[in-house]
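Visitor: Let's have the full structure, built from the sequences with the hints guiding it.
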Amino acid sequence: MDWKQEKRIIRKERLAARDRLSTAERERGNLLLTERILGHQWFWQAQYLLCYVSYGSEISTWDILREALEKGKKVYVPKVLKDSEISEMCFYRICGLEELAEGYRGIPEPDGLSEVYRYSEETAKRTLMLMPGVAFDEYGNRLGYGKGFYDRYLAEKPILQQRTIAVGYRCQRGEALPVSDTDVRPYQVICV
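Residues 327 to 518, numbered by our numbering, are exactly what the sequence shown covers, in order.
You may find that some hints are simply not true.
Stated by the list, open to error - Taking CB as the label site, the calculated pair distances span:
1. Leu-357 <-> Val-442: 31 to 37 Å
2. Asp-507 <-> Glu-447: 20 to 26 Å
3. Pro-484 <-> Val-442: 15 to 21 Å
In case anyone wonders, no lab produced these hints; they're calculated from the structure.
Ideal Cβ placement from N, Cα and C applies to all residues, glycine included.
Guide: This is the structure:
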């Protein structure tokens, strides 16, 4: 079996495990993650937050987004920009959650008319990025949804890579994941 097929199988298994979580398990995980992130030194030091907007059975980022906005941090969330060849992800600033509307695959997104996050070494040192994932392993590897959005976004941003935390539920963590040269490993993984 090749690594692409192995990744597909792992995605299917971990997504099924995540979907089977009870309401109580989800609420507990969401609360624990929010506490861990809001108490993290990187959150307190960050002026900028790049954060996915949770959707479906993903661990929730809504309370983290609210708190970051209330604390006056500059919050940027992803929007998928469709091109004829390949879709790319770009982070747009939001000043409130009401600015989000259904976008790519039904995921809440900004309209794409606001300020874009501009990477520089200076801004990256004051940024925290929270990444979603389907599966994680004990070595800190992350398996996303298979489109490579985060891998491509982070590929040429080495300082930002050092301020990334991939998050998920405990059931998403497992044995060693197959990785390729284009996979960008998050600096930390928090599974609760």
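Visitor: Using the C-beta atoms of Pro-484 and Val-442, is the stated range 15 to 21 Å upheld?
Guide: holds, 20 Å
Visitor: With 31 to 37 Å as the target window, see if Leu-357 and Val-442 comply at their CB atoms.
Guide: holds, 32 Å
Visitor: For the range 20 to 26 Å, tell me whether the beta carbons of Asp-507 and Glu-447 fit it or not.
Guide: 24 Å Cβ-Cβ, so the 20 to 26 Å window holds.
Against the hints set out earlier in the document, no violation occurs for any number.
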